[in-house]
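For the record, the sequence lines run as chains G and L.
Using UniProt numbering, you'd call the opening residue of the first sequence number 1 and step up by one each time.
Using UniProt numbering, you'd call the opening residue of the second sequence number 1 and step up by one each time.
Mixed in with the good hints there might be a few duds.
Covered stretches of chain L, going by a simulated chain G footprint (3 or more residues, C-beta under 8 Å) [as the list claims (entries may be wrong)]:
(1) 18-29
(2) 56-70
(3) 127-139
(4) 318-325
The set of hints was computed from the structure by calculation and includes no laboratory data.
Heads up, the beta-carbon is just placed ideally off N, CA and C, and yes, glycines get one too.
There are 2 protein chains.
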Amino acid sequence: MSLVTNEDARAAREILGQLGPRGPVRTPLLPAPDADRNAPLLLKPESLQPTGAFKIRGALHATAVLDERTRARGIVAYSSGNHARAVAHAGKVFGIPATVVVPHTAPAAKVAAARALGAEIVPVEVSERESRAGEIAERRGARLIPPFDDATVVAGQATVGLEIAEDIDALGLSEVTVLVPVSGGGLISGVAAGLAGCRARVRLVGVEPELAADTRESFYAGERRHWSVAARTSTRADGLTAQPSEFTFAHIRELVDDIRTVSEDEIGEAVGFLAESCRLVAEPSGAVTTAAHRHRTWESGTTPTVAVVSGGNIDRAALLSSLAD
Amino acid sequence: MSLVTNEDARAAREILGQLGPRGPVRTPLLPAPDADRNAPLLLKPESLQPTGAFKIRGALHATAVLDERTRARGIVAYSSGNHARAVAHAGKVFGIPATVVVPHTAPAAKVAAARALGAEIVPVEVSERESRAGEIAERRGARLIPPFDDATVVAGQATVGLEIAEDIDALGLSEVTVLVPVSGGGLISGVAAGLAGCRARVRLVGVEPELAADTRESFYAGERRHWSVAARTSTRADGLTAQPSEFTFAHIRELVDDIRTVSEDEIGEAVGFLAESCRLVAEPSGAVTTAAHRHRTWESGTTPTVAVVSGGNIDRAALLSSLAD
């Protein structure tokens, strides 16, 4: 299986760059103040993308590389979360129809965000999401954009890694630990590809909720281990409940140094810390890396750590409750 | 009186750039999603600076330009807010003593932040702030860094304007309105200088709380009008209660196109909007520009607007109350 390369990442950045102001934001690395530990913490706030998450990179890239005739027929996604919003956004940017197949159980706010961007919403039973999305795409000749199991999507997410590599090198850091949330593995696979050209010595570590630690188990087993949907969806990090595909797991096995876990309380505390001390609104899924830095002892000692804050789409009630804790 | 120029701004950027990772963050322009109006809103999030506000730029620049012997004797500030924290930060960055003279009435959290950065805290009566700070500086041969009435401080803040100009031009915008919070006028004076080299046609507008609209009154009178401390300090925007000096007012009269005001409710609503829709924690003073965009009709029609979000140092209780509204 051929993995996404650093060259693929650079090509994706070139293509996304051509979108100008309609493309993803080039996010900075922010030094976190008051980090508890000796090692400096640098945040990569993908929460500041126009759709509130890194997913915009992969969705825009997968759409941009289509030939014009295919693209004109539209794009389709199955997702109840940040990928749905990203695909809806890509439809708007390119002026093409976007269809989002969502389970009846999807959070109303996230569905509303996709609808507000002009996407057609198709509600279905949870078990029918993928098949219905596939049918719709086939019938219309439209492009189905999977949330992570796709080389063009991963290459788009890889631009996160390129930017981190650039900033690490500009800061003159010789060694760094990079923490990335893991769900389906599209982000960490891309970040691995993007970091490949970095001059610094990089230790790449995935972070999962303890309650959805299937990838950690798979990583140590050396093969994919399945957790039931019920087992995976009890975490408050509602964006981290997918499992890697063969494609993304191949990247993880090959390129990731370790996978660590954080507790639900640690995630909640990190949401509060990010808001109060770093002025960033993060969703629980985006805060797991900060939680890992704050609550775990890393062998890396005083090595600077980069935490990818993957998204910030948290509703007011959940944010209030994390702040009130 | 000689005003701060675009050349001064460029020189300040050069000097701050030499600080590398110890310098200010180069903040991006973030497109605000769900902005209510037809005109796109771009946010300049100075809330993401390591000290949570733009003040770090002026304090670091004023310290960096000192000759080494003077600098070694230390720096002194009188402030109860973001400038105090910025001067404390500058002391830490340069490894020199920083002294902050604070009124007894200063918020405990802001004083604690300055102390945590290693500054010496000198509590005094409100009326004695300036005189005590002056005495301390004179006795030690240290540099008193005023919050705004100083060309090196304004030149540091001017780097905000340079970055906006660069990003506006990179986006290919031909016309833009830039909204800047006004208190002592150091930020807007600097932004005016920084924007001077911009290719786009720029309309520069200051924003004040209705409850502290001394600068608007002065602007229309063509001369500085004094409001009593009691009159100015009733706003929730606790960082916008100072008044321009002769020096900053000269910039405002010469370079600013208008000054507008927002109500307390509008400010509170904007804090909630920034957190929920833009994933940014802003303090009320930093949110006035977003409030102006959301609640006022600008003659600029559909012209893109840049809102400088000047700071994000809001305590948990105040943030909770804005979110709960």
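Verification of the supplied hints:
1. 18-29: holds (count 6)
2. 56-70: violated (count 0)
3. 127-139: violated (count 0)
4. 318-325: n = 4 at 8 Å, threshold three: holds.
In this structure, the hints that do not hold are numbers 2, 3, in rising order.
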